[in-house]
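Asker: So the chains spell out like this:
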Amino acid sequence: MSQASIFIVEDELIEAEDIRQTLEKQGYTVAGSARSGESVLELLTTIHPDLVLMDIHLAGILDGIDTAGKIRNLYHLPVIFLTAYADEITLGRAKYTEPYGYVLKPFDERELHSAIEMALYKHRMEERSKENERTIRILANAIPDAVMLLDKDRNIISQNDAMARRLGLDYTRSQQGCACPFDQNGMFPSLELKIQEITSSGRPIRFEEKSGNEWFEISLILIPGLEGRNPRIFVQFHDITAYKRFEEQLKKEGITRIEHNMEQFQILNDQIRNPLQAIMGYVNLDCVHYRDRILEQIGLINNLVSRLDQGWVESDKVRRFLLVRYRSASDDFAPDDVSVPSPGEKSKGV
Amino acid sequence: MYTVLIVDDDPAIREIFTIYLEMRAYRVLTAAGGRECLDLLNTQIPDLILLDMMMEPMDGWETLLAIRSRSASRAIPVIIITGKEATPEEILQYGILIEDFIVKPVDFKRISASFHLIIEKDQVLRREIERIKETEQDPELPGEYTHLLRLVRVAKNLMARSRDRPWADQIPLKKHEERLQWLHKKLGFPDLLLQRDEIE
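Protein chains in written order, with our numbering: chain E, 1 to 350; chain D, 1 to 200.
Errors might be hidden in some of the hints.
If you want the footprint, here are the derived chain D segments under chain E, 3+ residues with CB under 8 Å [unchecked claim]: (1) 33-40; (2) 79-91; (3) 105-114.
Hints in this document: simulated from the structure, not taken from any laboratory.
A quick note: this is a predicted structure, and the numbers were derived from the prediction, not measured.
Think of the CB as a built atom: it goes at the ideal place given N, C-alpha and C, for glycine as much as any other residue.
Work the whole structure out from these sequences, hints included.
Answerer: Spelled out as structure tokens, the structure:
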């Protein structure tokens with residue numbers, strides 16, 4: 001296992017040498033050393049250690065604390081402070097630079113070693129976590145749906161670019177949540193109810209809602225917090241306006257098509273209704289004189305039915321052809337088995 | 001003795017209707033299409049016209065409009081007897097021009113029994129309208145009354161004959177009936193005119 005490389009910042013030569021020897025004995029590589037804040041910042045442009053050990057009281061304009069702060073911001077390196085005494089004010093200031101630990105001088109070797117290992121570990125974990133966050137944010141911003149995370153008070157913890165756009169938020173702020181209550185304009189009236197629902201049931205919810213001229217499919221997922229406190233709610237808005245419009249159009253077209261078919265059917269009706277009318281009339285007259293007329297009208301209906309039969313036969317031929325041509329491997333039946341009776345077969349001879 | 005004109009392109013229909021009408025002592029005229037019908041109306045004025053819809057080249061609606069636009073034939077009552085159902089748009093548009101709309105096949109024996117009632121009511125209406133002309137009444141009202149009388153009758157008959165008319169809601173029947181009642185009172189017309197004559 002390769003040992004980490006450590007940079008020493010210590011202005012007392014003897015101390016620095018002592019630290020160097022200790023580190024090398026423990027198997028670390030000493031990446032370099034500096035005696036002041038200014039020089040370490042300059043050296044870190046070319047040297048890339050895994051960790052910086054820094055005396056809290058450095059001579060020079062930049063003391064240890066300020067330097068550590070800069071190292072964190074510029075190079076994202078973990079810094080461990082070496083301090084001769086626990087000075088309350090100093091420690092207070094030091095907090096803000098997020099040090100990974102303190103080691104008191106004169107230091108205990110084992111203490112130094114474990115402080116360094118813990119700092120390295122913590123740093124690795126943090127970097128991984130930041131990496132994950134970065135990845136999630138890139139992914140979140142890549143999707144066209146507007147997504148956001150709400151806390152239990154309905155404030156927005158974070159949102160992606162699409163959501164920021166929708167809410168009219170300044171882009172520069174879209175890295176953090178706007179910490180504002182969502183839906184101030186009441187664009188989605190059902191949302192509050194659905195949030196209440198998911199908070200009690202815990203099960204994901206998906207529903208559709210119209211807002212203005214747009215349709216959305218809204219998904220809610222509850223992310224439970226630690227020990228059930230501070231749950232967060234993930235909300236996704238998927239734009240289905242185009243789909244809904246298409247659906248409406250289809251329905252309209254479908255209806256139009258049905259109406260057209262009915263119209264065609266009506267015309268056919270007349271060709272049946274007239275002979276039926278005539279037959280009824282003649283039959284009611286109950287006179288043998290009109291027998292020929294009745295048979296004539298019956299003939300007309302028969303012809304019509306035959307024509308319908310013919311149409312069916314034709315379409316049956318087409319159907320068989322298609323079955324043979326495009327038969328899939330898993331077809332259960334051979335084309336010769338397709339023997340569907342045509343409608344006229346049963347009713348021949350009215 | 002009343003004269004009835006049958007307009008239908010199917011000769012079997014013309015024949016069977018003629019038989020039944022002559023049995024009831026009507027004089028019968030026939031025409032095979034719109035053109036023939038209009039030509040006939042130049043020289044003769046029947047008391048009632050039975051009109052089919054599905055005809056070529058002039059269809060029933062066209063023929064109806066032509067009949068209604070000529071002064072000689074404007075007031076002749078028309079009953080449509082046809083094989084095709086009417087759409088609500090057609091009812092609203094043409095319902096004011098006809099006495100009834102019947103879909104084949106019909107028991108012609110039964111419906112022909114009520115033809116003379118329709119003819120008589122129509123004659124009463126015409127007399128009343130002439131009478132009104134002599135008075136101070138608004139001249140627009142009798143026309144509106146005639147239209148509403150027809151529309152209400154047609155709509156009610158259609159609804160009574162087939163229960164599942166989806167378009168029934170599209171015709172504000174109640175509103176029209178109320179207006180009709182009001183006009184009836186205002187014009188002082190006899191109640192005979194409002195009597196329902198159940199054809200079916």
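Asker: Could you work out which earlier hints the structure fails to respect and list their numbers in ascending sequence?
Answerer: 1
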